[in-house]
Amino acid sequence: MVLLSCLTLFSAGAQAQTRPVRVASLNLCTDQLLLALADRSQILSVSRLAADMSLSFLAGKAAGVSRSDGGAEAVLFANPDLVLTGTYGQQEQVALLRRQGLEVLTFGPWTSLEDGRGQIRALARRLGHPERGEDLIAQIDASLDRVKAIVPRGPSILVYERGGWVMGARSLLGEILVHMGFRLHQEALGLTHGGVARLEALVTTPPDFMLVDEASSQAVDNGTALFAHPALTKALPSNRRLALPGRLTICGGPSTPAAIDALGAEVRARIR
Numbered sequence: 037m038v039l040l041s042c043l044t045l046f047s048a049g050a051q052a053q054t055r056p057v058r059v060a061s062l063n064l065c066t067d068q069l070l071l072a073l074a075d076r077s078q079i080l081s082v083s084r085l086a087a088d089m090s091l092s093f094l095a096g097k098a099a100g101v102s103r104s105d106g107g108a109e110a111v112l113f114a115n116p117d118l119v120l121t122g123t124y125g126q127q128e129q130v131a132l133l134r135r136q137g138l139e140v141l142t143f144g145p146w147t148s149l150e151d152g153r154g155q156i157r158a159l160a161r162r163l164g165h166p167e168r169g170e171d172l173i174a175q176i177d178a179s180l181d182r183v184k185a186i187v188p189r190g191p192s193i194l195v196y197e198r199g200g201w202v203m204g205a206r207s208l209l210g211e212i213l214v215h216m217g218f219r220l221h222q223e224a225l226g227l228t229h230g231g232v233a234r235l236e237a238l239v240t241t242p243p244d245f246m247l248v249d250e251a252s253s254q255a256v257d258n259g260t261a262l263f264a265h266p267a268l269t270k271a272l273p274s275n276r277r278l279a280l281p282g283r284l285t286i287c288g289g290p291s292t293p294a295a296i297d298a299l300g301a302e303v304r305a306r307i308r
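Following my numbering, the numbering of the sequence shown begins with 37 at its first residue and continues without gaps.
What the hints contain is simulated information worked out from the structure, not anything from laboratory work.
A portion of the hints provided could be inaccurate.
Using C-beta positions, here's what the derived DEER-type ranges look like [to be verified]:
(1) Gly144 x Glu167: 46 to 54 Å
(2) Arg308 x Trp201: 24 to 32 Å
(3) Thr54 x Asp105: 43 to 51 Å
(4) Gly144 x Val214: 15 to 23 Å
(5) Leu91 x Val57: 24 to 32 Å
(6) Asp151 x Ser102: 28 to 36 Å
(7) Leu91 x Ala224: 27 to 35 Å
(8) Arg182 x Ala158: 20 to 28 Å
(9) Ala158 x Thr228: 23 to 31 Å
(10) Gly100 x Asp181: 29 to 37 Å
(11) Tyr124 x Gly190: 28 to 36 Å
Note that beta-carbon positions come from the ideal geometry of N, C-alpha and C, so glycine has one too.
Take these sequences, add in the hints, and give me the full structure.
Structure below.
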């Protein structure tokens, strides 16, 4: 009787972990992971942002894949056997999907490289392709090896986003910058946990370098006009600005090796 119960539990566990064949993603970052780690035949749908070339690193791979607006009803009618989403937004949809018995996995923004490795491994195993997860992790680690301590004399750097937003020091990009040899400038501005850096603070206490989105070179709205402000341009001219395409840094995942390599190229070109 005990043996029968154990076999029943084992069977149920194995059934619950059967490789999914209809996976829906509701979030740009889970889109990227799904496109990188799953068989094409496993992908039921991705979010509407997955094919946006300005945001999605794997927009090319998303071509021809069905796209969803993220509504719970549409997802339910599509009958997925696994749903992937982020930890921000869509909480009501996630709760509804779970109440209807669907398996939903949520993945938050990477807070560190180790966090990212864990997410990759967890999803790759669940999709039935653990070797693909290890391959992506190996690509990330190889990129890290190529840029380790390439920045001489430990200059300070600030990641400056549209609207003056500064990310917290504990972040994926922050960890990569420290790995390269930079000092993070958030503490000097009193923004260890992130926040909005006032223009006055940047002008009076500028970092040695600033990392910006490549698109910030064009002032198209109030959020980007700040980058072209004469005072900021004087304090941090173009030769002290490193730039990366936003699609490389929006999400941790398959874009991470490319982001590290691109940042390494910027450093080698601008910092002596």
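field: Ascending list of hint numbers which this structure does not respect
entry: When the structure is compared with the hints, numbers 1 and 3 turn out to be violated.
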